[in-house]
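Visitor: Just need the whole structure built from these sequences, with the hints factored in.
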Amino acid sequence: MALLRVENLHKRYGHEEVLKGVTLTQEAGETKVVIGPSGTGKSTLLRCINRLTEPDQGQVWLEDLEITSRRSDINQIRAKIGFVFQDFNLFTHLTALDNVRLGLTKVRRMPRAAATDRAMAELDRVGLAAKAGAYPAQLSGGQQQRVSIARALAMDPKLILFDEPTSALDPELIGEVLSVMIQLARDGMTMIVVTHEMGFARSVADEIVFMEGGVVVEQGPPEQMFRSPQIPRTGEFLRKISELYGESS
Amino acid sequence: MNLVFDPAWLPRLGQGVLLSVQLTAYCMGIGAVLGAVLGLVRVYGGGRWSPLYWAASAYVHFFRGTPLLVQLLGIYLGLPTVGILIGPFLAGLLAMTLNTAAYQAEYFRGAIQSVKSGQMMAARALGMSRGQAIGHVIMPQALRLIIPPWSNELIYMLKYSSIVSMTALRPETMDLFGVARSIASRNFRYFEVYILVALFYLAMVLILTVALRWVERRVRIPGLGTPGRGI
Amino acid sequence: MNLSAWTEIAPHIPVLLRGILVNIELLLGLISLGLGVGVVTALVEVYGPRPLGWAAGAYTWFFRGVPEIVLLFLFYFGLSQFGVPVSAFFAAVLALGLRSSAYQAQIFRGALQSIPHGQMMAARALGLGRVKAIAYVILPQALRLSLAGWSNEFSSVLKDTTLAWGIGVVEVMRQASYIRARNFTLTLPIYITVALMFLVLTYVGNVAIGLAERRLRVPGLEGRR
Ligand SMILES: Nc1ncnc2c1ncn2[C@@H]1O[C@H](COP(=O)(O)OP(=O)(O)OP(=O)(O)O)[C@@H](O)[C@H]1O
Ligand SMILES: [Mg+2]
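Top line first, the protein sequences correspond to chains R, G and L.
Numbers 256 to 504, taken from my numbering, label the letters of the first sequence in order.
Numbers 30 to 260, taken from my numbering, label the letters of the second sequence in order.
Numbers 109 to 333, taken from my numbering, label the letters of the third sequence in order.
By construction, these hints were calculated from the structure, which means they are not laboratory data.
Possibly wrong hints are sitting among the right ones.
As a list, the in silico DSSO-like pairs of lysine-lysine whose alpha-carbon atoms are at most 30 angstroms apart [said to hold, decoys possible]:
hint	chain 1	residue 1	chain 2	residue 2
1	G	Lys145	R	Lys361
2	R	Lys335	R	Lys361
3	R	Lys386	G	Lys145
4	R	Lys335	G	Lys145
5	R	Lys413	G	Lys145
6	R	Lys386	R	Lys361
7	R	Lys361	R	Lys413
Just so you know, these numbers come straight off a predicted model, no measurement behind them.
Guide: Now the structure itself:
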């Protein structure tokens, strides 16, 4: 069974239909990269998956559990799905360590000592054990994003959703975040990543999904998408962002 | 013009200080709890048309828009006419508490709303319930942001506690200014007594200001409230 | 409190209105006094020579730290003790007006300090003297920026005019207590009526200030809120 299934997802804001029936399947251990022009509903799609935004229609399944069902405990489900935001959203009043520890103690109800050990291990994994006591304002953007990845990892998620994790960063800080993500993908983490970093997509993506106007236009493995896209518009877009973003990493 | 100050006034004024401080402390404490609840209701209590939101807003507008003296006399003189007997101390405390709760509600609302919306979203994404997110993420930040306006309010209420002298206080429940009035009415040294009592208030304000700045510094976190210093 | 109590209030409304008119007179008197003294105090604090600036600072500190009621009693009974003949009304305008001047000075000082330094430089570069530069360039901008702060000060001093009751000014609270003395069952309805009158006044005042703010708005010159 697929780890995640998204079926015919619709979302409208007022008169504007942002998602017009999106369907996706994600296997365990797979890394999917979602690309598409601004305003096509990529963020909306990710937020509908863990219901930070309520979809209007359609279903999302995590294994055999229907996320979109009114009866499922959404908080319990969210605890199993990591989310990494474009602008980090680290808790301003907490140190790096406490940011990673909060979900463990308050959501997973882990004893404090065990939570501390686990949080330190995750900070170490993203190379920031030395910054455990720093507040977000005392960290660079790249460091903040790595802490927020550690915060997601600590919850033992089945899947992590990344919404443009590097686009708020200065160019020289993008690499440190991407290399953490590449390592995660190689370790077998299941990830859906909205990004325009094509170097990342080439090196670790199992599939690239091209969205435009609220629908999936085309999807396929990177080689195929780059070399012989079925739809001209896909090739055009890929060439454009490869020029714009280069291929850092 | 020869001024006469009598050291014999001091013990009684000291008693008055004690009562003013008590009144202020109680009303600020209870007012903070009420204000936090009202502020939370105004932010999270459903939309504009939810009855809870509406009631909280009506309360806040009424108590902020009308004079404290009217509230005090309404309670002290008005409640007994409908069968609710209330002494001057309790009437003063009640009026001050209801009044400051409305102002503090607005400070809480402002502080809660100035916590960035991404904070709530990140907390919910981790699997926290709304209540947990408010308790562990929003309020700890709001409570730090609220310290400066809350300090102002505390000083305001300390000064406003002198209003209870407008009710007929018994000698044993007289606030600082009530004591001053009773001393001055006996020896007619109005100027000296009132100047002295003014200095008492100034001293208390000074002590509070220094103490609250110290607290604010103690709980300050980089990046919260004051512009953070990144590296 | 039954319905009949409310119908009994009606004949007393004109008296209450006459009372609140006195509160409005107090308000107008004290806020103009406060404005004049406040603007001068702020100018002295920002542009004056050091010692004068300190004196202005001490002045605002005193009037911001002492309760209104203490000031009212100090000015009324304190002055009469030295044979200075003051009416209760005049003492109230003086005490509350000087207190307000301290708050207005603070609002105004903030506005003065928030005007970019380049404005003064550009004015001086044109050949305007310091005083003229302040009068024609800095002041008009600072006054506009102060309006938001003033609307707060307005609502607060409007309500504080009731404190003049304490020294015997015959304003609305005094009228209310006369009515109450004749028919004490009216106590609660009377005070609620007075409260509603203040709600209306506060509202009307804020709308008026909002209108003034819009009329005087200059694109690009926004208050920091
Ligand atoms: N909360 C909201 N209320 C109203 N409209 C919204 C809301 N969130 C998103 N939209 C609209 O939905 C559309 C899709 O937004 P979304 O953020 O999902 O796009 P995106 O593909 O992530 O774009 P970007 O690359 O700029 O992040 C946009 O037109 C946006 O204005
Ligand atoms: Mg987006």
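Visitor: Hints first: check each against the structure and report whether it holds.
Guide: Status of the hints after comparison with the structure:
| no. | hint | verdict |
| --- | --- | --- |
| 1 | Lys145/G to Lys361/R | 21 angstroms, holds |
| 2 | Lys335/R to Lys361/R | 14 angstroms, holds |
| 3 | Lys386/R to Lys145/G | 24 angstroms, holds |
| 4 | Lys335/R to Lys145/G | 24 angstroms, holds |
| 5 | Lys413/R to Lys145/G | 28 angstroms, holds |
| 6 | Lys386/R to Lys361/R | 22 angstroms, holds |
| 7 | Lys361/R to Lys413/R | 19 angstroms, holds |
Hint compliance for this structure: every hint is met.
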